[in-house]
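Assemble chain B onto chain A, guided by the hints.
There are 2 protein chains.
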Amino acid sequence: MERTLILDCNDKVGEIVTIYGWIQTRRDHGKILFLDVLDRTGLIQVVVSQDTHLRGVSKVTSSAHLGGEISPQDVVCIIGKVNKRPTNLVNKNIPTGEIEISAESIEILSKASELPFDMGGPTLNLELPTLLDWRTLSLRHPKIKAIFKVQEALLSSFRQVCQKLGCTEVVVPTIAASSTEGGAEVFRIEYFEHKAFLTQSPQLYKQMLVPVFERVFTITKAYRAEPSVTTRHLAEVTQMDCEFGFTSFDELMDIYESIAISMVEHVQNSSKLYLKEYGAEEIVYNKIPRLTLREAQEVILKEYGRDNKKEKDLTPQDEQDLCKWAKKKHNSDFITVTHFPTAAKPFYTMPDPKNSEYSLSYDLLFKGIEILSGSQRINDYQQLVESIKSHGMDPKDFEMYLMAFKYGMPPEGGFSFGLERMIMQILGLANIREAALFPRDMERVDIRLNVNIKNKK
Amino acid sequence: MERTLILDCNDKVGEIVTIYGWIQTRRDHGKILFLDVLDRTGLIQVVVSQDTHLRGVSKVTSSAHLGGEISPQDVVCIIGKVNKRPTNLVNKNIPTGEIEISAESIEILSKASELPFDMGGPTLNLELPTLLDWRTLSLRHPKIKAIFKVQEALLSSFRQVCQKLGCTEVVVPTIAASSTEGGAEVFRIEYFEHKAFLTQSPQLYKQMLVPVFERVFTITKAYRAEPSVTTRHLAEVTQMDCEFGFTSFDELMDIYESIAISMVEHVQNSSKLYLKEYGAEEIVYNKIPRLTLREAQEVILKEYGRDNKKEKDLTPQDEQDLCKWAKKKHNSDFITVTHFPTAAKPFYTMPDPKNSEYSLSYDLLFKGIEILSGSQRINDYQQLVESIKSHGMDPKDFEMYLMAFKYGMPPEGGFSFGLERMIMQILGLANIREAALFPRDMERVDIRLNVNIKNKK
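Chains as they are written, first to last, in numbering that gives the first Met the number 0: chain A, 0 to 456; chain B, 0 to 456.
In isolation and in its complexed conformation, chain A is listed as follows:
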């Protein structure tokens, strides 16, 4: 008999259906056994009685027998009748809460081994290392899975907004001949007989594509060989990048703020149930306040008593406090910080013409953490060559990149959203590792690596 998807059972009350899925939980109630069965569309309650057959094993079986046979994560095919639940047993929290299936027969298609931990509760109460050691299993828990439904919503809404803005989607390489921005934190590849690197960002390539498409976006991987472990960094991250030609510093901020708000709106509308599972507060986004770094540090001093006014960047604590301040003062979960010192920024960042000590750069903070970074770029060829040199790099290593500027480059700029960080902040996760299906860091590539962090430089 043809498969019925679990969500579609709502339209099949009184009919016999065949469903396929995974056993989520079982609850023994004496002569009756309840199973929660899950497929890609949702979850349904299945009632197993003494009349239920267990196909392939025995013709008729008691629920006691079934209780011994069927266990969580088994893959099953169940034939049964869709019934309305009695009014007092309706579960309003799930889309199939008004129905249940009375099982005629059950077949186990794939038997799961005994689980190392209970998967049936509303939350997986595991420490992060355990959660990740068992990643392919822990991901099956509905609350963990929800994280990646939010991820899907973010990816899809980012693309939609970019398309509306007239951006062309591009595919950029992740193998490069030189490091993107200088610095040592780059992974080296043995590239045939040569050395090559994993790109630290799609930065140079998206810039090179401005004279081709004027506006581009790409969702791609970025790699950072940072030999440290924090709750906010991964060795392999997913970036959502844009680059715009014929634009100005102010317009760039308008654009990324509107993209951020669109994404958050979309997620709040499309992922209500998932956000609820995480107890995520509604995100507020009125007019997003914009401060220069120095103004922000002034706020930090005044409101939180820390004098960081000589620092070239915000500290993690500053980011948290500024977001608290923005929420309190401007009723906004976002805040933009601009004008980081030019010397602390990559070579392609445009110095502020009014004061070249500071740059036309910006970060977007969201609920306590930076989720976006970008700038107006230097678009003059000569100025760019000089900037590369003054950063201690060789323009010859940027031959293909510089070519884009040699043959007509408009004023341009862009920005980059960190996907995992956005997910982490939207759901209030404690660690960015929870926001990646298979996180990479110096301690782990699926399985734990044998690393002694204290010995690392």
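Honestly, the hints are just simulated from the structure, not real lab data. Since this is a predicted model, take the numbers as computed values, not measurements. Some hints here could point you the wrong way.
Stretches of chain A that chain B covers, calculated by requiring three or more beta carbons in the stretch to come under 8 Å of a beta carbon on chain B [stated by the list, open to error]:
1) 105 to 113
2) 130 to 141
3) 406 to 412
Where is the CB? At the ideal position from N, CA and C, for every residue including glycine.
Below, chain B without anything else, positioned relative to chain A:
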């Protein structure tokens, strides 16, 4: 004055507009100079006369003067009046062919260096190595750019179809602790103090996600360190992957054939102008013929006189001939070939239960080349462990992967489309390098590497 996008000039006849863009061509006609100006929305003809001002350089300038100032790829801001063209000068090949701009003033925002080759003709007549040596410039040519508008259409239609099929979009890692499928053709990374590899495909990860989402898709990079140079292989490619739970061999073929047809339909509708530029023939896709490898080799013997019946795979010539045959005999630009020898396939491929010498595998050929490959997978844990061992690999290296099978895995399978190969075949490009914005191979990472191919093993 606010910018008007070039395409929107169609609605501004009689008005003064400000446009921004790149000079595509200039044609001197004595006292008048014609410029073709391009922005992200299209191209427009601009008429420069003796009354046109050149802002920032001189107040009033003659066209002769302008002729010296303005050259192709210059970035300009032009203010002028939108006029209807005389009927006999209408250009029906472009969306703005009924109008032109009479320039009041022109400002050069970024001056291009003299071009190394003519960018003004309908085609860039460059050898491939030159085309790639000048990649950031050659990409600006409208006909080259068109390749990547087709790419965009393919990416977007693949996602749309997958979403309709109930697939969840997932992000999979590209750094792995062991090679995906064995074999030596893998790039090694220095991963902190460890060795790691760039994934040869998202294969293992998409399978691991079937028990989580049941149906998944991902568009991701795959890396092959193949020390050879062909017209059909790159070191870094983009794959469009799907994996489906609760499915059968026949259903998998139905699914990928329908995805392929949807993508091609979408591109033919959305990218008509681009396909026309390449003189691409309309793609025909009636019922797609399916042959086993041995049947296909029978056709090769009968129709083309080559006896390859003992080969474990099709040769490139076989692929071309089979496609010719499918077009002639079945009026289809696609043909599916199934049942490759089990021994020649990766460990996760399901042997045919009727004859385990052959496997439940398939390739989709399109206009002469394989663009998709996949199979029904082994979903039984013990069988999979045995298969890993019999392929000379250690199940311990697949701990996280095997976990997915240990805890309930339904019958499942999937496939992978090669993005660059699809683009190449749709447009009839001679070399896959033309189908990647920044192609990677053993000879080139943007700039040419110093490689002596004859000395390679």
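Next item on the list: Establish whether the coverage given for the region 130 to 141 of chain A by chain B is satisfied; the threshold is a Cβ-Cβ distance below 8 Å, and no fewer than three residues must meet it.
Entry: holds (count 6)
Note to self: Count the residues of the region 406 to 412 of chain A whose Cβ falls closer than 8 Å to any Cβ of chain B, and tell me whether that reaches three.
What the structure shows: holds (count 5)
Margin query: Tell me whether the statement that chain B covers the region 105 to 113 of chain A is true, taking a Cβ distance below 8 Å and needing three residues at minimum.
Written below: holds (count 5)
In terms of the numbered hints stated before, the structure departs from none.
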